[in-house]
Every structure is written in C-alpha cells, then in structure tokens.
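Asker: Turn these sequences into a full structure, and let the hints guide you.
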Amino acid sequence: MLKQLEGSVAIAETVAYCRPEVVCAYPITPQTHIVEGVGALVKSGVLSNCEFINVESEFAALSVAIGASAAGARAYTATASQGLLFMAEAVYNAAGLGLPIVMTIGNRAIGAPINIWNDHSDSMALKDAGWIQLFAESNQEAVDLHIQAFRLAEELSCPVMVCVDGFILTHAYERIDVPTQEEVDAFLPPFEPVQVLDPTEPYSIGAMVGPEAFTEVRYLGHQKQLQALHLIPEIAKVFQDVFGRETGGLVHPYRTENAETMIVALGSINGTIKDVVDAMRESGTAIGSIGVCSFRPFPLEALAKALDGAKRVIVVEKSLAPGLGGMLTSDVRMSLLRQAIPVHTVIAGLGGRPVTGVSLTAAFELAVNDQLEDVHFLDLDHAAIEHEVERSRLTRKSGPTAENILRRLGSGV
Amino acid sequence: MTQLQKTSFKASDYRSDNTPIWCPGCGDFHVLLSITKALVELGTAPENVAVVSGIGCSSRIPAYTNCYGFHGVHGRSLPLGAGLKVARPDLTVMVMSGDGDGFSIGGNHFLHACRRNVDMTYVVMDNRVYGMTKGQPSPTTEPDWDSALSPGGTGLSPFHPLVIALASGANFVAREFSGDIKGTTRTLVEAVRHPGFSFVEILSPCVTFRPDERAWKTQIHAAPVEATDDPARAARRIMTDDGFNVGVLYRGNRKPYNTHVKDTAGDPAILEEEFEI
Numbered sequence: 001m002l003k004q005l006e007g008s009v010a011i012a013e014t015v016a017y018c019r020p021e022v023v024c025a026y027p028i029t030p031q032t033h034i035v036e037g038v039g040a041l042v043k044s045g046v047l048s049n050c051e052f053i054n055v056e057s058e059f060a061a062l063s064v065a066i067g068a069s070a071a072g073a074r075a076y077t078a079t080a081s082q083g084l085l086f087m088a089e090a091v092y093n094a095a096g097l098g099l100p101i102v103m104t105i106g107n108r109a110i111g112a113p114i115n116i117w118n119d120h121s122d123s124m125a126l127k128d129a130g131w132i133q134l135f136a137e138s139n140q141e142a143v144d145l146h147i148q149a150f151r152l153a154e155e156l157s158c159p160v161m162v163c164v165d166g167f168i169l170t171h172a173y174e175r176i177d178v179p180t181q182e183e184v185d186a187f188l189p190p191f192e193p194v195q196v197l198d199p200t201e202p203y204s205i206g207a208m209v210g211p212e213a214f215t216e217v218r219y220l221g222h223q224k225q226l227q228a229l230h231l232i233p234e235i236a237k238v239f240q241d242v243f244g245r246e247t248g249g250l251v252h253p254y255r256t257e258n259a260e261t262m263i264v265a266l267g268s269i270n271g272t273i274k275d276v277v278d279a280m281r282e283s284g285t286a287i288g289s290i291g292v293c294s295f296r297p298f299p300l301e302a303l304a305k306a307l308d309g310a311k312r313v314i315v316v317e318k319s320l321a322p323g324l325g326g327m328l329t330s331d332v333r334m335s336l337l338r339q340a341i342p343v344h345t346v347i348a349g350l351g352g353r354p355v356t357g358v359s360l361t362a363a364f365e366l367a368v369n370d371q372l373e374d375v376h377f378l379d380l381d382h383a384a385i386e387h388e389v390e391r392s393r394l395t396r397k398s399g400p401t402a403e404n405i406l407r408r409l410g411s412g413v
Numbered sequence: 001m002t003q004l005q006k007t008s009f010k011a012s013d014y015r016s017d018n019t020p021i022w023c024p025g026c027g028d029f030h031v032l033l034s035i036t037k038a039l040v041e042l043g044t045a046p047e048n049v050a051v052v053s054g055i056g057c058s059s060r061i062p063a064y065t066n067c068y069g070f071h072g073v074h075g076r077s078l079p080l081g082a083g084l085k086v087a088r089p090d091l092t093v094m095v096m097s098g099d100g101d102g103f104s105i106g107g108n109h110f111l112h113a114c115r116r117n118v119d120m121t122y123v124v125m126d127n128r129v130y131g132m133t134k135g136q137p138s139p140t141t142e143p144d145w146d147s148a149l150s151p152g153g154t155g156l157s158p159f160h161p162l163v164i165a166l167a168s169g170a171n172f173v174a175r176e177f178s179g180d181i182k183g184t185t186r187t188l189v190e191a192v193r194h195p196g197f198s199f200v201e202i203l204s205p206c207v208t209f210r211p212d213e214r215a216w217k218t219q220i221h222a223a224p225v226e227a228t229d230d231p232a233r234a235a236r237r238i239m240t241d242d243g244f245n246v247g248v249l250y251r252g253n254r255k256p257y258n259t260h261v262k263d264t265a266g267d268p269a270i271l272e273e274e275f276e277i
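From first to last, the protein sequence lines are chains A and B.
Residue numbering for the first sequence follows the numbering used here, beginning at 1 and increasing consecutively.
Residue numbering for the second sequence follows the numbering used here, beginning at 1 and increasing consecutively.
There could be a bad hint or two in this list.
[As the list claims (entries may be wrong)] Straight-line alpha carbon distances no greater than 20 Å define the calculated DMTMM-like cross-link-like pairs of lysine to aspartate or glutamate that follow:
#: 1; chain 1: A; residue 1: LYS43; chain 2: B; residue 2: GLU142
#: 2; chain 1: B; residue 1: LYS134; chain 2: A; residue 2: GLU6
#: 3; chain 1: A; residue 1: LYS397; chain 2: A; residue 2: GLU386
[Claimed, not checked] Pairwise CB distance ranges (calculated):
#: 4; chain 1: A; residue 1: VAL196; chain 2: B; residue 2: PHE244; range: 44 to 54 Å
#: 5; chain 1: A; residue 1: GLU212; chain 2: B; residue 2: ARG233; range: 51 to 61 Å
#: 6; chain 1: A; residue 1: GLY244; chain 2: B; residue 2: GLY152; range: 49 to 59 Å
Quick caveat, the hints were computed from the structure, so don't treat them as lab data.
Glycine included, every Cβ here is placed at the ideal spot set by N, Cα and C.
Answerer: What follows is the structure in structure tokens.
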C-alpha cells in the first residue's frame with residue numbers, strides 16, 4: 001500500500017510483517033526510530049507473538065538476538081555507528097555460529113571526532129565478519145531488502161545486515177509502497193532453523209575449534225557467501241514475481257550502454273549519481289553508473305561484466321581506509337583483475353558532508369579528461385589542512401586536531 | 001604567569017564561552033553551576049581540574065567548563081578518568097555521567113571503578129531517561145514507565161546506584177538534588193576532598209521527556225541520619241528510604257589506589273622552564 005512515511009517507520013512496519021519472534025532494542029542515533037517503530041507495533045498488537053526486549057547495550061542487543069536465534073526464534077535488531085562497533089565481538093560470533101539474524105544498520109560515521117551524521121565507516125569496519133551486507137539505494141529498496149534479507153538469511157543460515165544511510169534515508173519522508181502482511185506471508189515462509197534444541201540429540205553450541213578444523217569452518221562461511229551470489233538474484237526474482245517490483249539483486253547498472261566512464265557506489269548516493277549521469281549524458285558524455293546492492297558477498301563477476309568495455313571507473317566512497325584510500329575501490333579492482341581499466345577513488349560525504357551534483361560533476365569531468373587523481377577527496381578544504389599541518393610543524397604541542405580546526409573555522413581566520 | 005599564580009577564583013572562571021544546548025529547565029544547568037561553585041570553594045585552578053565524560057546530555061558538561069575536558073565514547077568515562085588520574089595524580093579528576101551512559105554500557109566500569117578506588121569524583125546526573133536519543137528508559141527508570149522502546153513499561157527492577165557503589169567499594173557515597181545548589185555544592189566539595197573514589201548521584205530532572213520529574217523538588221528531603229562509615233548500615237538505609245533522601249550517606253576509610261607515576265609533569269617550575277623565552 002502506498003504511504004507517505006519516514007524511512008525508519010516504513011522499515012519498522014515491514015520488519016513487523018516479517019514476524020520476528022524476538023526483537024532487541026537499544027537506542028542510538030540515527031537508528032532509534034526503527035526499533036521504536038517496532039515497539040509501537042508490538043504495543044498496538046500489529047506484531048504479536050514477539051518478545052520485544054529493551055536491553056542495556058548494543059553488545060547485549062546482538063547477544064540476546066544470538067541466544068534467541070540459537071533457540072530457533074526469528075531474531076531482529078538494529079544499530080548504527082558506535083553501537084555496531086561496540087557489538088563487534090558478537091557480530092563475528094553470530095556469523096561464525098551461522099545464526100540467521102537480520103540487523104538494520106542506520107549508517108553513520110565513527111568517532112573520534114564525535115559525529116552523528118551519515119557515512120559508511122560503521123558497516124565497513126565489519127565488512128569481513130561473515131555477514132551478508134546489502135545496501136539500500138532508496139527507502140523503497142530498504143523496505144524490500146528487509147523482506148528479502150530474512151529469507152536469504154534463513155535459507156543460508158547466515159546473518160544479514162541491511163545498510164540504510166542514516167538521516168538521508170532513515171529520517172526522510174518518502175512515498176513508499178509498504179507491503180501488506182498477506183504479501184509478506186506469501187513471500188517469507190516461517191523460519192525453519194537448522195539448529196534446534198532437540199532432546200534426542202543434545203549439543204552445546206560454541207565449541208572451541210583448534211587449528212585442525214578452524215580453516216574448514218571459515219571456508220564454509222566463505223562458501224555460504226559464494227552461494228549467496230546465486231541466491232540473492234534468485235530471491236530478487238521471486239520478490240519481483242510477488243511484489244511486482246525490481247529490487248535487490250547484486251548490482252544496479254544505470255545507463256551503462258557504451259559508457260566509457262563508469263561510476264560505482266553504495267547506497268543512497270546513487271540517486272545523486274544518476275542525476276549527474278543523466279545531465280552528463282545529455283551533454284554528450286558516455287557515462288553510466290552501477291549501484292552495488294550486495295557488498296558482501298561482493299559480486300566480482302557481475303561487476304566485471306557490467307564494467308566490461310569501460311575506459312575508466314570512478315568509485316565514489318562514503319568511507320576511508322586511511323593509508324590506502326577506498327575499501328570499495330579495492331574490491332572493484334579485484335573484480336577487474338583480468339581487465340586493464342584504471343580505477344579512481346572519490347572519497348565523499350564523510351561525517352555527513354553533503355555530496356552535491358556540482359562537485360560530483362566536476363570530479364567526473366576531471367576523470368573524463370584523464371586528470372583525476374587516483375584518490376580524490378571531494379570538496380576538501382585545503383586551506384584548513386595546510387593550516388593544521390603548518391601548526392603541527394611549528395610546535396610539538398600543537399594540540400588536538402579536531403578542536404584546532406573547529407576553532408579556526410569558528411574564528412573565520 | 002599570572003594565570004599560574006592565581007589563587008582565588010570566581011565561578012565564572014570555571015565556565016567556558018560555550019552556551020549549553022540543554023533544554024530550558026534541564027536540571028543539568030544547576031549541576032554545572034554547583035560544580036563551578038564547588039571548585040571556587042576548593043580553590044583549585046581550572047588548569048588543575050580535569051572533567052571527563054562519556055556520551056549523553058549530561059556528558060556535554062566538559063565543553064561548558066574552562067577546565068581540561070575529555071568527551072569520550074559512550075559509557076567509558078570512568079576508565080578514561082582512571083587513566084588520566086594515574087598519569088597525572090596531581091590533577092583533580094571529576095568524571096561526569098548520566099544514568100544511561102553510566103549504568104548501562106558504563107555499568108561494568110562503575111563496579112570496577114568503585115573497587116579500584118582511584119582518588120576521583122564520579123558525578124552521575126540521574127534523570128531516569130535517555131534524553132539525547134529522545135526518551136527511552138534507562139537502568140534507573142521505573143518499571144511501569146511506558147515508551148515506544150518499552151511498550152507497557154520495562155517491567156524491570158530499577159538499578160540502585162548507591163547500593164551498588166557501596167557493595168563495590170566506593171569510599172564516599174552521596175545523593176543530591178540538582179535544584180538544591182547549596183547542598184550539592186557542599187557535597188561536591190566534600191566528595192572531591194574525600195580520598196579515594198567518591199560517588200555522587202544527583203537527581204537532575206529531565207523536563208522534556210520526564211515532565212513528571214518537576215515534582216522532585218517537593219519530594220526531596222534531607223537524610224534523617226548522619227553519614228556512617230559502615231557500608232552495611234549505609235546500604236540498609238538506602239535500600240529502605242524513598243529514593244529522595246539527600247546528603248552524604250557514607251564516608252569510608254579505605255586506602256585509595258596507589259599511583260606510582262612520579263609527579264613531575266605538573267611541576268610549575270618545569271612548565272615555566274618550557275615556556276621561557
């Protein structure tokens with residue numbers, strides 16, 4: 001049903017229709033509205049047969065979900081930023097134990113400096129924990145991916161993170177086609193756990209595994225992700241049959257026909273990128289873009305195929321690997337092992353800095369003219385950087401960087 | 001040089017130019033005022049005080065003081081403060097927290113900070129709610145307080161910070177009400193002077209998400225008995241009171257954590273030498 005809703009509220013409603021049996025809730029901006037939304041639906045009775053637990057930390061949130069999932073319940077939680085990092089140990093635990101928990105990430109920067117705004121540093125920090133990571137481009141896709149995530153997680157016995165850009169999506173009001181309970185029930189079968197509490201075959205979960213079998217357990221986790229590369233498009237196809245919408249899948253190519261310049265990105269920034277692609281196409285530039293929906297598993301082949309024939313690739317990233325550049329870029333390069341295509345990184349939108357079409361156009365035009373650096377920082381304030389570098393050169397006791405820069409900005413020097 | 005030699009201070013000397021962004025009517029304004037007044041009475045120069053916090057409304061306080069401030073991550077203010085104090089035993093360390101920051105994610109650190117008994121003061125502004133994330137239950141929230149995150153109430157027994165502090169080995173335990181600036185100031189002075197880990201819970205109403213807490217000012221009353229040095233007696237009193245007794249409840253005699261770092265970093269002679277032209 002079409003509704004004008006805040007992204008978080010639409011996600012909450014959809015999660016409720018997925019009939020989670022245990023929901024663990026702890027507040028952290030910008031995710032709080034999601035678990036509050038689920039709580040409201042528990043209270044109103046829309047979501048019945050659900051244990052909604054208000055816990056004392058994110059570490060507890062995921063740990064409670066792990067316990068519930070291990071006991072055979074469909075478990076859900078949501079977090080963001082520092083919360084995800086705080087639960088890091090449990091994130092690995094859930095994946096290692098093969099528990100199909102679904103968790104929403106309201107993507108937000110990581111401190112220090114403290115920052116509540118959007119970028120992808122949080123989920124990137126845990127990209128290799130063994131979870132599937134799906135990135136939503138819009139709130140419609142965020143809603144749809146949650147329904148697919150439960151099915152994917154449970155078919156594979158592998159936890160799934162649905163990454164939703166904080167504020168940009170979580171707090172945006174949009175026209176969203178929210179599914180009905182009947183539609184979700186038709187798509188998502190009841191959870192049949194592979195691990196059950198069976199008195200005829202009692203076992204203890206969480207065994208100590210030494211060098212004799214650790215690699216094999218890890219390899220099987222890897223293989224699960226490779227299986228997901230097939231399952232994700234299949235589930236997206238079934239979803240399309242039931243809901244009539246093309247959503248999810250591995251990658252979203254946009255105007256890639258005969259494109260010499262290709263842009264690759266994760267999440268909501270693809271909206272702006274598509275606008276820029278349209279405008280540049282109109283002025284005669286052969287440019288296209290690819291939104292990566294499934295970041296883990298990483299669609300190496302699908303991407304290599306989609307990028308085939310391009311002269312250059314620009315990866316726009318909302319996270320930074322200091323000392324390297326881009327993390328998505330490294331993966332894109334991996335997909336181009338057999339194709340000699342230069343790949344540039346554009347670091348953009350860190351800590352919520354707006355990514356404008358004007359700035360992106362300028363960077364893409366530089367690339368088209370083969371003038372873009374390998375790693376380019378969009379809208380970087382070079383004067384602020386030089387001032388701070390000079391300051392620390394002049395005195396050993398130069399003080400805290402963030403506070404120095406803020407002071408300078410405040411004084412207008 | 002004049003700053004280093006200054007020996008008497010006004011409350012405003014401890015305030016920075018930053019305007020607090022707390023809601024109008026928030027109890028934390030009064031806590032900030034009481035802290036500056038307590039520091040005036042203690043006569044400690046702003047540069048000899050470190051104010052450490054975590055995340056939350058109350059944890060914004062370091063930026064509003066003119067002391068050394070450290071705004072850490074959620075729940076971690078106590079270990080930060082302990083690290084600071086053992087590295088610089090000459091500084092007066094005040095760790096500032098709220099009931100969410102201090103008793104949820106910071107709960108485990110609270111137990112062990114009491115045990116470790118490092119000579120510092122832990123102030124928790126307790127409003128029984130997460131204010132910064134806009135109204136979710138904290139560990140001290142009443143079990144029947146209804147919210148989106150606790151449909152129908154949490155049903156959980158509230159955390160009892162004072163009893164836990166006593167049971168874990170805190171050396172000084174007190175409760176105050178933010179609106180009682182005189183009493184809070186007096187207790188904070190005593191808490192800082194008392195050796196070892198001092199814990200002061202300040203009931204500080206959240207008028208936005210807990211408007212019912214406006215009534216606290218009529219419910220507060222002075223503890224009817226003198227402070228004791230017997231933790232069992234203190235615990236019995238606290239567990240049987242109505243939660244609104246204020247004043248110093250316990251003064252212990254435990255020896256504070258012994259720091260071995262040589263105190264040379266804060267020596268004014270060495271500092272002056274460095275800045276000599």
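Asker: Could you run down the list of hints and mark each one as holding or not?
Answerer: Tested hints:
1. LYS43/A to GLU142/B: holds (18 Å)
2. LYS134/B to GLU6/A: Given that 20 Å is the threshold and the Cα spacing comes to 17 Å, the pair holds.
3. LYS397/A to GLU386/A: holds (17 Å)
4. VAL196/A to PHE244/B: 44 to 54 Å: holds (50 Å)
5. GLU212/A to ARG233/B: 51 to 61 Å: Check passed, 58 Å falls within 51 to 61 Å.
6. GLY244/A to GLY152/B: 49 to 59 Å: For GLY152/B against GLY244/A, whose Cβ atoms are near 38 Å apart, the range 49 to 59 Å is violated.
Taken one by one, the earlier hints fail for this structure only at number 6.
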